[in-house]
Amino acid sequence: MHGAPNRKLFLHLTEEKARRVAGLFVVILLSACCSLFPTRAQEKPQEAVKAAEKAPEPAKPAEYAGSDTCQACHEDIHKAFQKNPHHFVEKDNKRGWEGKACESCHGPGSKHAESVSPADISNPAKLRPAQADQVCLKCHLNQPTHAGRLQGGHARNQVSCMSCHAMHKGPSTLVARSAPAKNQLCASCHTSEWAQFAKPHKHRLPEGAMSCVDCHNPHGSYLWKSIQTVNANEPGCFKCHSDKRGPFVFEHPPVKLEGCTSCHEPHGSANPRMLTRQEIRFVCLECHANLPTPTAASAGVIGGPPPAFHDLRNPRFRNCTICHVKIHGSQASRELTR
Amino acid sequence: MRYLLAFLLALPLMGQEPAPKAEEKKPEDKKEEKQAAGEQKAAESPAPATERAVTGSVDFGYRFVSDVAGSLQTYRSVVNLGEGPKLFQADLNIVDPSKKLFDRMTLFASGWGGDPYNTTRIDLTKEGVCRFTVDYRNIAYYNFLPSFADPTIGQGVFLNQRAFDIHRRFTNVQLDLRPGRRIVPYLAYTRDSGYGNGVTSFVSDSNEYPVPTEYRDKTDNFRGGVRVEMNRWHLTLEQGGTTFKDDQRAFATQTNPGNRTTPLSGQRLVLNGLNQAYGIRGDSIYSRALFTASPVSWANIYGQFLYSQPKSEAHYSQNNQGLFVVLQSLTFFNAELDQLNGQAKQPRTSGSFGVELKPVRRLRVIESVNTDRLHVSSSALLAERLFLGNAPLTSDQVFSASRFVWNYNRQQVEVLFDLTSKLTLRGGHRFEWGDSNAPASVLSQSGPQESGELRRNVGLAGFSFRPVQKLSANVDYEAASGDRTYFRTSLQNYHKARARARYQLLPSLSLGANLSLLKNDNPAPSIQYDFLSRQTSFSADWRPAGGKRFGLLGEYTRYTLRSDLTYFVPQDLTRERSLYRDNGHLITAMADFNLGGQVHAPKISFGGSLFTSSGSRPARYYQPSGRFLVPLVRYVQWFAEWRYYGFSEFFYNYEGFRTHHFMTGLRLTM
Numbered sequence: 001m002h003g004a005p006n007r008k009l010f011l012h013l014t015e016e017k018a019r020r021v022a023g024l025f026v027v028i029l030l031s032a033c034c035s036l037f038p039t040r041a042q043e044k045p046q047e048a049v050k051a052a053e054k055a056p057e058p059a060k061p062a063e064y065a066g067s068d069t070c071q072a073c074h075e076d077i078h079k080a081f082q083k084n085p086h087h088f089v090e091k092d093n094k095r096g097w098e099g100k101a102c103e104s105c106h107g108p109g110s111k112h113a114e115s116v117s118p119a120d121i122s123n124p125a126k127l128r129p130a131q132a133d134q135v136c137l138k139c140h141l142n143q144p145t146h147a148g149r150l151q152g153g154h155a156r157n158q159v160s161c162m163s164c165h166a167m168h169k170g171p172s173t174l175v176a177r178s179a180p181a182k183n184q185l186c187a188s189c190h191t192s193e194w195a196q197f198a199k200p201h202k203h204r205l206p207e208g209a210m211s212c213v214d215c216h217n218p219h220g221s222y223l224w225k226s227i228q229t230v231n232a233n234e235p236g237c238f239k240c241h242s243d244k245r246g247p248f249v250f251e252h253p254p255v256k257l258e259g260c261t262s263c264h265e266p267h268g269s270a271n272p273r274m275l276t277r278q279e280i281r282f283v284c285l286e287c288h289a290n291l292p293t294p295t296a297a298s299a300g301v302i303g304g305p306p307p308a309f310h311d312l313r314n315p316r317f318r319n320c321t322i323c324h325v326k327i328h329g330s331q332a333s334r335e336l337t338r
Numbered sequence: 001m002r003y004l005l006a007f008l009l010a011l012p013l014m015g016q017e018p019a020p021k022a023e024e025k026k027p028e029d030k031k032e033e034k035q036a037a038g039e040q041k042a043a044e045s046p047a048p049a050t051e052r053a054v055t056g057s058v059d060f061g062y063r064f065v066s067d068v069a070g071s072l073q074t075y076r077s078v079v080n081l082g083e084g085p086k087l088f089q090a091d092l093n094i095v096d097p098s099k100k101l102f103d104r105m106t107l108f109a110s111g112w113g114g115d116p117y118n119t120t121r122i123d124l125t126k127e128g129v130c131r132f133t134v135d136y137r138n139i140a141y142y143n144f145l146p147s148f149a150d151p152t153i154g155q156g157v158f159l160n161q162r163a164f165d166i167h168r169r170f171t172n173v174q175l176d177l178r179p180g181r182r183i184v185p186y187l188a189y190t191r192d193s194g195y196g197n198g199v200t201s202f203v204s205d206s207n208e209y210p211v212p213t214e215y216r217d218k219t220d221n222f223r224g225g226v227r228v229e230m231n232r233w234h235l236t237l238e239q240g241g242t243t244f245k246d247d248q249r250a251f252a253t254q255t256n257p258g259n260r261t262t263p264l265s266g267q268r269l270v271l272n273g274l275n276q277a278y279g280i281r282g283d284s285i286y287s288r289a290l291f292t293a294s295p296v297s298w299a300n301i302y303g304q305f306l307y308s309q310p311k312s313e314a315h316y317s318q319n320n321q322g323l324f325v326v327l328q329s330l331t332f333f334n335a336e337l338d339q340l341n342g343q344a345k346q347p348r349t350s351g352s353f354g355v356e357l358k359p360v361r362r363l364r365v366i367e368s369v370n371t372d373r374l375h376v377s378s379s380a381l382l383a384e385r386l387f388l389g390n391a392p393l394t395s396d397q398v399f400s401a402s403r404f405v406w407n408y409n410r411q412q413v414e415v416l417f418d419l420t421s422k423l424t425l426r427g428g429h430r431f432e433w434g435d436s437n438a439p440a441s442v443l444s445q446s447g448p449q450e451s452g453e454l455r456r457n458v459g460l461a462g463f464s465f466r467p468v469q470k471l472s473a474n475v476d477y478e479a480a481s482g483d484r485t486y487f488r489t490s491l492q493n494y495h496k497a498r499a500r501a502r503y504q505l506l507p508s509l510s511l512g513a514n515l516s517l518l519k520n521d522n523p524a525p526s527i528q529y530d531f532l533s534r535q536t537s538f539s540a541d542w543r544p545a546g547g548k549r550f551g552l553l554g555e556y557t558r559y560t561l562r563s564d565l566t567y568f569v570p571q572d573l574t575r576e577r578s579l580y581r582d583n584g585h586l587i588t589a590m591a592d593f594n595l596g597g598q599v600h601a602p603k604i605s606f607g608g609s610l611f612t613s614s615g616s617r618p619a620r621y622y623q624p625s626g627r628f629l630v631p632l633v634r635y636v637q638w639f640a641e642w643r644y645y646g647f648s649e650f651f652y653n654y655e656g657f658r659t660h661h662f663m664t665g666l667r668l669t670m
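Sequences listed follow chains A and B, in order.
Note that my numbering has the first sequence beginning at 1, numbered continuously upward.
Note that my numbering has the second sequence beginning at 1, numbered continuously upward.
Do not rely on the hints blindly, as some may be mistaken.
Unchecked claim - Listed below are the simulated DSS-like cross-link pairs for lysine-lysine, each with C-alpha atoms no more than 30 Å apart in a straight line: (1) B:K496 <-> A:K138; (2) B:K496 <-> B:K422; (3) A:K169 <-> B:K470; (4) B:K99 <-> A:K169; (5) A:K225 <-> B:K422; (6) B:K519 <-> B:K548; (7) B:K126 <-> A:K94.
To be clear, the hints were calculated from the coordinates, so they are not data collected in a lab.
With the rest of the complex left out, here is chain A (with noise of 0.2 Å):
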């Protein structure tokens, strides 16, 4: 309601005019970007001079005060942490962790040591997300799982690594590994898409037989929807429906062009198999309703009526898939019969 007038605008934007306006936008924030860099790095040494004028005795930076002082106070956190995946870092002698496991993601500890005040000591579970996910990333950002970071939803929302990962917990509980409790933890927050799964036709999630990440790749992936990939670039659902990969002799556009949810509700549906329509005719018919032109038809979309004998009046002619029993594509036959 409130976006009307700019949606109109918006809609009557021509696309070389859109280019153009991003590519204008795009050169705007490099330059600012670039006229910050001289003004950043001028204002330090003036910082610098003013924080020591007006700071006589400059406070003593903390320091690392290593993981065995830590364990003194927090001893059942020392305790759960031996279980936890990421006690590994005490022995990290790559990124210099080594003995420091604590202080990698807590920050140099001595003053709090010495004060023992949470305020002298940083807790990256009450920073805020972006702040948090910067502590993770410091290790984790050049790491595969990351490749799609930037392109998935988490990021963009700013849904913290925390949020779904427990750093001091035993290993069962970093993040969760088994189906159910990967599902319980998505749909804590994801509760529409969960809803779904209550309907009659869904995939086996409720069941504890797949998981959400079996699907989705909660790090983010090149594809839509952070949708997982298989051998290399293909999208996820052919892990499991591999019989409908192909390369088939005779290819239906809508799997390879839209993928599987161009006819099916993965998440679940109230009709059989999972369909968008309540009958396959509509599911085939409302694409396949191009009126042969000499031209391209109707504006380039792909999908022609069939044929006249299809008459839907006949029952047999009503359920698409009794002859083109292969519709996810055919080896032998172009109406995909056989």
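With chain A's structure known, arrange chain B on it following the hints.
Below, chain B without anything else, positioned relative to chain A:
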């Protein structure tokens, strides 16, 4: 009890005075203290001494299933749980104190003992040496819904001609060597196989015959690679390959009149025998290269290059006897012998590149470019021989070649600005473009190929608001203007909004709300598509005193789906409207009562889920349940569970079913 005791013993520690300040001590004293603490620690070795080797739980018992009232076929298609002794769930964490074979192992198994969904997952870690995971699933899919794809339903015969009863087995084994080190080689193997039987149709001109079919397919996936993880950059290189085979077969040995009820030119078409065999073999190689880098503190770069080239070879044979027709020439024949050899190849190249810039502390700019392009080139040679009586009637060889092309590109720029420490604003633009060229439909007058294009400008906006730690809200909004799209039902001019909020009202009560909306329309005169989907969810999780005595989790979702699109009736090309409505309510609730208020006290849980919808296919699906758990001895608990499944459909009431499940068994906690 032991946890409670440990907690009570630890309580006085919280009341202790803070430790004396460090500056009061001399550095030498501190050193000595540390040394002493180290010695004491070595002597006590607290962690391994108190650590138990196995922790977790195992649930096993027996499930009783009452007689299924209503449609057993629908019950099997929707629920399919059976009676008998079961291992319901095992969730174990095993620590090897000697650390010889492994440091720790997690094992999760569910549904063993004849359930349609068996899973096992083993995760074995030896720190710094290897990580070994095995994931196994065996899922039974039974699908026989009388209302689906059944042309005989009007005659009162409820037979699904597209039914199946299959198992899909999935195994994934992965070995990561030197995890956590700079160079991590890994090897993995995945097998996905399916087998079972079902009903399919054998299609011949003017008639189709439901026949039994056997499914048997298998895909093996081998891959290996290396991850190089440096402090400022990372590179993953992976090379993999798959082999695939599909040996589906359909057959008939008895006379089958097919679905056609009327004679054709005075002749009744019939199938007397069929042997139809698919021998499909396929393989592929694929390569994956992932790259991330943070060369400077204010920039992160990432990129992916993905390439795969699956190929398949089809050897199809068909031998059918009976009375059939070639409709085009009205030629009747008694037998057909077909042999087809085909091959298809699908090279697919995908890539993405992105950069995240943080020029100032409050600003992030994310720019990304994606491309995905594939083409399928295929050819097939069909040798077709028709017989009348025992004499050959025609012999024909048909060569067909096909080409399918798809190119997709996406460019996106998004700016995230921290307006305050509590509010982050987002805005950006996405441009998607692509093209496709596919074999044309039979009636096409624009040549053997038809093409589609995609051009879409999408505006992005949103914000994340977190005024206090207890409250968070995210809003995402997209508005798109497209002038080209592949299909009539594709996204064209759309508005997509999603809002999500969570609020910790009390320490014991958290509330959540979700709203999502998608409005899509295609105003082209020949299409006129109007689509709306709206979902609203509310959830509440109430656990007074940390759920010590009582806990309640409730979720409610209301959704509305409306689609309005015209289509052409094939026989006379008159225009009709396809109106689809689906309005539903979904409620899930679970209440837990701890009768003794202690960890090891009897517990009662009850709740379940409810789904009811109206519209084009109104349905109701209830799954209430109740569970009782009583501790018997220290590590053993007895449980009993009741579950009800009730399904009904307004238009297809013959598909409804009702049944009760009772489960009882023991839970061993370790």
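Each hint tested on the structure:
no.	hint	verdict
1	B:K496 <-> A:K138	violated, 34 Å
2	B:K496 <-> B:K422	holds, 24 Å
3	A:K169 <-> B:K470	holds, 23 Å
4	B:K99 <-> A:K169	holds, 20 Å
5	A:K225 <-> B:K422	holds, 27 Å
6	B:K519 <-> B:K548	violated, 45 Å
7	B:K126 <-> A:K94	holds, 18 Å
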